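Enquirer: Chain residues, written in single-letter form:
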Amino acid sequence: MIHSLFLINSSGDIFLEKHWKSVVSRSVCDYFFEAQERATEAENVPPVIPTPHHYLLSVYRHKIFFVAVIQTEVPPLFVIEFLHRVVDTFQDYFGVCSEPVIKDNVVVVYEVLEEMLDNGFPLATESNILKELIKPPTILRTVVNRSTNVGDQLPTGQLSVVPWRRTGVKYTNNEAYFDVIEEIDAIIDKSGSTITAEIQGVIDACVKLTGMPDLTLSFMNPRLLDDVSFHPCVRFKRWESERILSFIPPDGNFRLLSYHVSAQNLVAIPVYVKHNISFRDSSSLGRFEITVGPKQTMGKTIEGVIVTSQMPKGVLNMSLTPSQGTHTFDPVTKMLSWDVGKINPQKLPSLKGTMSLQAGASKPDENPTINLHFKIQQLAISGLKVNRLDMYGEKYKPFKGIKYMTKAGKFQVRT
Amino acid sequence: MSAAPAYGEDKGGSAGPGEPEYGHDPASGGIFSSDYKRHDDLKEMLDTNKDSLKLEAMKRIVAMIARGKNASDLFPAVVKNVACKNIEVKKLVYVYLVRYAEEQQDLALLSISTFQRGLKDPNQLIRASALRVLSSIRVPIIVPIMMLAIKEAASDMSPYVRKTAAHAIPKLYSLDSDQKDQLIEVIEKLLADKTTLVAGSVVMAFEEVCPERIDLIHKNYRKLCNLLIDVEEWGQVVIISMLTRYARTQFLSPTQNESLLEENPEKAFYGSEEDEAKGPGSEEATTAALPARKPYVMDPDHRLLLRNTKPLLQSRSAAVVMAVAQLYFHLAPKAEVGVIAKALVRLLRSHSEVQYVVLQNVATMSIKRRGMFEPYLKSFYIRSTDPTQIKILKLEVLTNLANETNIPTVLREFQTYIRSMDKDFVAATIQAIGRCATNIGRVRDTCLNGLVQLLSNRDELVVAESVVVIKKLLQMQPAQHGEIIKHLAKLTDNIQVPMARASILWLIGEYCEHVPKIAPDVLRKMAKSFTAEEDIVKLQVINLAAKLYLTNSKQTKLLTQYVLSLAKYDQNYDIRDRARFTRQLIVPSEQGGALSRHAKKLFLAPKPAPVLESSFKDRDHFQLGSLSHLLNAKATGYQELPDWPEEAPDPSVRNVEEEDLSLIETHVGLLGEYTEVPEWTKCSNREKRKEKEKPFYSDSEGESGPTESADSDPESESASDSKSSSESGSGESSSESDSEDQEEEKGKSSESEQSEEESGKRKMKKRKKVAEGQGEGSSSDEGSDSSSSSSESERTSDTEEEQVEPDSWRKKTPPSSKSAPVAKEISLLDLEDFTPPSVQPVSPPTIVSTSLATDLEGLTLTDSPLVPSLLSPVSGVGRQELLHRVAGEGLAVDYTFSRQPFSGDPHMVSVHIHFSNSSETPIKGLHVGTPKLPPGISIQEFPEIESLAPGESATAVMGINFCDSTQVANFQLCTQTRQFYVSIQPPVGELMAPVFMSENEFKKEQGKLTGMSEITEKLTLPDTCRSDHIVVQKVTTVANLGRVPCGTSDEYRFAGRTLTSGSLVLLTLDARPTGAAQLTVNSEKMVIGTMLVKDVVQALTQ
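Residue numbers (our numbering), protein chains in the order written: chain G, 1 to 415; chain E, 1 to 1102.
Same shape as in the complex, but just chain G:
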């Protein structure tokens, strides 16, 4: 299946290669570079590139291309999903996944990759199992540089009925925290009406519990959840019949569930943007003014508001004054970014000023789209509420915590 893997940084250097079958010369990447050149932008590089003898499947994350070389038919998503899993694993191991970190830990990376695939077919991809096979680097081990970071026993998870959980977990403080995070994806049109809006949510968990706890999590209003996908630990049938999440959790951080809120529910849009962006044909100055305000926030404050907008090429510079926060404009990428912070409903933040346009150029066809980021703590915008969290199978009493948060996902305002 997966023949080789090349890691390529944004400047086109292959800084790591790993082969699971016979060695494929790195010159195969030339085809990739060609495609990269053609695509101009990194995200436009086609994920699948056919070459005369191989196929190159790549993902782009953290400014690194992970290019897998395959030779025969294989479901492309299989490879892509695996590459993403590799990135996730690196992130899990090293905290961040970046070129310097991978280079610093090249031996661990190599060992991990060796365990993840055998002859190109995934062998162990569960982070809990991997961490038992190859221990993540710790400061102590880096300093001593002597003790081994390889386990010598087959991780019990590999054979157990719950391969995602290692056995013999012990904590003095037993805690289980769940974050319900919802993202609003929306497209708002010029006049402020919603073209499309939907809520996507995830429940991320951080479970540090001793032994083999068996948890159940129930919702007050499970019917809100229209479409769900589970971590493999969730017992599907129990969900089908009772709408209860019943699971033996992996140890540590994991994504328990991601869901989509049914489309019938109208989505409350918590913010509005008033905008007045105008270019005039003759003048070399354009007017720019935006105001952000709260709409349906259920009494919560909107924080972490960031407004970004890709300005048309004709815009040379912008001179703007924000009523709060800071703003930047990059004349090269034409990216305007305004870090607003909190929205105070009494005094709405606004950004006003002028744009200087290229002299003589005609006015752009389209006004820039405004992208919005924000956060609302303590609120799940869909109204989803966790009812109970119960633990069975262990005697102690765990600390339990549930946090709600709403964020903007792909939130766009067309102007």
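Rather than coming from a laboratory, the hints here were simulated on the basis of the structure.
Careful: at least some of the hints might be erroneous.
[What the hints assert, rightly or not] The calculated DSSO-like cross-link candidates involving lysine-lysine, where the alpha carbons are at most 27 Å apart (straight line), are:
| no. | chain 1 | residue 1 | chain 2 | residue 2 |
| --- | --- | --- | --- | --- |
| 1 | G | Lys21 | E | Lys189 |
| 2 | G | Lys18 | E | Lys334 |
| 3 | G | Lys313 | E | Lys423 |
| 4 | E | Lys310 | G | Lys237 |
| 5 | G | Lys385 | E | Lys334 |
| 6 | E | Lys85 | G | Lys131 |
| 7 | E | Lys219 | E | Lys194 |
| 8 | E | Lys69 | E | Lys43 |
| 9 | G | Lys190 | E | Lys486 |
| 10 | G | Lys295 | E | Lys378 |
| 11 | E | Lys85 | G | Lys18 |
| 12 | E | Lys43 | G | Lys407 |
| 13 | G | Lys135 | E | Lys80 |
| 14 | E | Lys1003 | G | Lys237 |
| 15 | G | Lys410 | G | Lys170 |
| 16 | G | Lys237 | E | Lys342 |
| 17 | G | Lys237 | E | Lys194 |
| 18 | E | Lys486 | E | Lys600 |
| 19 | G | Lys334 | E | Lys423 |
| 20 | G | Lys21 | E | Lys378 |
| 21 | G | Lys334 | G | Lys407 |
| 22 | E | Lys634 | E | Lys601 |
| 23 | G | Lys410 | E | Lys423 |
| 24 | G | Lys18 | E | Lys600 |
| 25 | E | Lys180 | G | Lys21 |
| 26 | E | Lys378 | G | Lys274 |
| 27 | E | Lys423 | G | Lys63 |
| 28 | G | Lys18 | E | Lys43 |
| 29 | G | Lys135 | E | Lys85 |
| 30 | G | Lys410 | E | Lys342 |
| 31 | G | Lys63 | E | Lys69 |
| 32 | E | Lys194 | G | Lys135 |
| 33 | E | Lys50 | G | Lys190 |
| 34 | E | Lys1004 | G | Lys237 |
| 35 | G | Lys375 | E | Lys378 |
| 36 | G | Lys407 | E | Lys219 |
| 37 | G | Lys237 | E | Lys334 |
| 38 | G | Lys21 | E | Lys69 |
| 39 | E | Lys80 | G | Lys21 |
If you're wondering where the values come from, they're calculated on a predicted model, not measured in any experiment.
Start from chain G and add chain E according to the hints.
Expert: Chain E in isolation, oriented as in the chain G frame:
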């Protein structure tokens, strides 16, 4: 590992063997001055005895490999360390070996013996990794060794090693394809493996080595379907795509019937196939009065596949979701394909690479099944932040989804896209509009007008694209659009994009009759600028000139001549050729006027309008989700998706002898069954939840919560009613009665034991009367149902007495005793007397399960005559010998399973032991001596029998907790003088106790116990087994199960719980009047299920 900056120097450097490595190594720190010296150093480090130095060296070497540097000259030094004790050094050496063994084959052989030793290591991880490395060393000379190792590992105890063996198969195959036959044997063996760990890997090996050997799958098909949910994600993908292919060869198309029905409803006659239509639906086939053609009946195995893959749509892995989606697309009946849309739309939230692949597939699907994605139209709306390739794919989907009703919204959306800054995207949008216009006639004019407006766009690209699209649209109805053509003609002054200019010229030429005045003028202008035009434009100028010459030669003759002369001396030979050709054709020469007479027909023939269609059309002949589909070209190793067969191959090839499943390793969890939670916690939890949630459910959850709790009261009443208790109809809530009843029950059951010598028949009759009376009085559904049930049960016991009474002892145990012992999670409704309190109160203590509401439902919903009898006819297996008279020196001991709850412990099976003394002397002090029991099994001894006089016999009751297994309970039977070793092995049917259940509840429970927990067996019922009571009697003889009411007459259902763990055992016998009957057992305890199936089948087919 701290010298990260050192990396910076060699970015992208190629790995020449002689290239100095100086400064490249993270740990070298630039100390070493030359390549040789540094490698010497590494060699030295590898040669030391210190593991830490070795490790350091190996780490540096691996870092070199990672960067693609050549480290092959260190091979001898490294390979020596293959037997190093330090596990990390060893691992790194393995990494090195696998990388370079191919290049240094002779030296690599030195390491082989180490691996061979490793293969015998007691540690499974070491065995596995030895096999991994051994099979990864691509040295042809060791092929026989590898073969041997694989064969051995394939029967290793550890499933992990077996998995590794499966992985090694394709490795060996790629090294030496001559081994195929032997490898197939190994694959066949591993395919039969029942662990989820192995399943995915072996199917992968199968796909790589012998995908054509579909026959290997037959026997494993059902197992793979059932294991699927528990296999790890990667394996799931491989298995699903293999099963898709398999299903295409083995089953009939689920859609064929629809088309057949429409076409020739009468003709198709498949009489010969009649008997193949087994399973659900075949009934109709046989009973249909018409000389019917065979209606399409989905093979149950086909259904099994669809049913077992569906939950995987909820997987977190995009690859799995896609695999299931393509399976449904290719295999499911039309009506069911829709379920995949939601899951696929969900994937659009994922990484852009995933989106890219998913959208490609959605694009293909949306052409065939537009309706499926229509509700999700808005999910395909484009955001300005999407990468261009995603935008274009979304556009494709939107265009495919556009129809009469949603076209206004789609077009409005397109309008905003046209203003985008991303010009490639704008061009694609214009083409999309063009396609919408051709597909949907209603909006053609709107689109055309919109496109014409775009002609005044400032961006040339937009204009050019519009022109091209307009050209295509105009071809469809040119007559009405003279104005647009004129407008286009004006544009020739401004537009510079060659393709657009060429399009305009072609249009004017083609429709020059509609614009007779303008056309010559355009030609004049073009003639002027001819030399400066692009080739493509020049060709069209010649074209235009020729056409004008033919239609309007008066005005354009000279111009045409001029253009042709210019073209004659063009640099491009195409243009020169064309000019020469055109001149000969249109200008009549002296000799041959033949051609020029037809020139008009040649040039101005009516041309068919171009069809604007999706590039994704017909891509679905590739299996969706495959690489080939994505590239729209056959990739190496692509397995063609076969067409459905005309006639289904024999489905019986998939039948498997059910072996003892005790070896199956069960994986629980994984989206699958839920078994870990002890039953009682679940129940109490549920009750707690009910109480807690009531307020919240009240508004949003309209149905489930309140109804359930509301129903529980009348339920408990009715339940007790059915047992003819006059007292307990007090309406106490079921949860309350739980605790009290458990205790009372114990007393009750012992009470009933005492009365068991009396015939139960009389009482039954009494009860029947009472119940009937109640039923009539209350006229409630429950009442009448229960009355019929009891009367029915009586009938069964009657007939039984008449017909089969093999053993006298059977009669002794009254029906009341057959009810189950108390299990912890079960609330027992205690029953007092019958209405006439004078009658001795013997009532069957019946188990009532907790979710009573559903019971009630079941009772009220079934309207066909019910044949429910909870009470099993007397007892199963007859008296069995424990100790023979001769061996026992006069003491003969028999035992029977009385099927009464054992009074001491509800988990115990009560065994009646009959002693008889045929010796001359009394036997004294009979008791059980130190039992030697397998773990888990316990014995409650019977009280010592002090003395047994000669010729006398005695009976004692002992309890054995078999722990839900058929393990033998060995114990000693002691007399004062002797000890006898005896053993009791229970038939599996005795390890359970009947439970009361409604049809609905039964179905619900059965639904939870599918997959691995379901065991099905086909059997042919002999004619003697055709009547109801015989079947019921036979089943209940074998197993201590309770009859569950059933709506259809040919189905029998029985339910029970195992004694120790209280797991449900559900038995369904589907006895069709013709053809094979089907026996299904659902139980978490698969071993019990399998054995039960065997026993019941045996009993029924005797």
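Enquirer: Are Lys21 (chain G) and Lys378 (chain E) close enough, with their CA atoms no more than 27 Å apart?
Expert: Between Lys21 (chain G) and Lys378 (chain E) the Cα gap is close to 44 Å, so the pair fails against 27 Å, i.e. violated.
Enquirer: Run the distance test for Lys18 (chain G) versus Lys334 (chain E): straight-line Cα separation, threshold 27 Å.
Expert: violated, 45 Å
Enquirer: Need the status of pair Lys410 (chain G), Lys170 (chain G): alpha-carbon distance at most 27 Å?
Expert: Roughly 40 Å separates the two Cα atoms, so the pair is violated.
Enquirer: Given the hint that Lys50 (chain E) pairs with Lys190 (chain G), does the C-alpha gap stay at or below 27 Å?
Expert: Roughly 72 Å separates the two Cα atoms, so the pair is violated.
Enquirer: Please work out if Lys21 (chain G) and Lys189 (chain E) have their alpha carbons no farther apart than 27 Å.
Expert: holds, 25 Å
Enquirer: Can the restraint linking Lys334 (chain G) and Lys407 (chain G) be considered satisfied, given a maximum Cα separation of 27 Å?
Expert: holds, 25 Å
Enquirer: Can the restraint linking Lys237 (chain G) and Lys194 (chain E) be considered satisfied, given a maximum Cα separation of 27 Å?
Expert: Cα-Cα ~22 Å, so holds.
Enquirer: For Lys80 (chain E) and Lys21 (chain G), compute the direct alpha-carbon distance and say whether it is at most 27 Å.
Expert: Measuring from Cα to Cα gives roughly 23 Å; hence the hint holds.
Enquirer: Are the Cα atoms of Lys310 (chain E) and Lys237 (chain G) separated by 27 Å or less?
Expert: holds, 12 Å
Enquirer: For the pair supplied as a hint, Lys385 (chain G) and Lys334 (chain E), confirm whether the alpha-carbon distance does not exceed 27 Å.
Expert: Status violated; Cα separation ~37 Å.
Enquirer: Given the hinted pair Lys18 (chain G) and Lys600 (chain E), is their Cα-Cα distance within 27 Å?
Expert: violated, 66 Å
Enquirer: For the pair supplied as a hint, Lys334 (chain G) and Lys423 (chain E), confirm whether the alpha-carbon distance does not exceed 27 Å.
Expert: holds, 17 Å
Hint compliance for this structure: hints 2, 5, 9, 12, 15, 20, 22, 24, 32, 33 and 36 are not met, and every other hint is.
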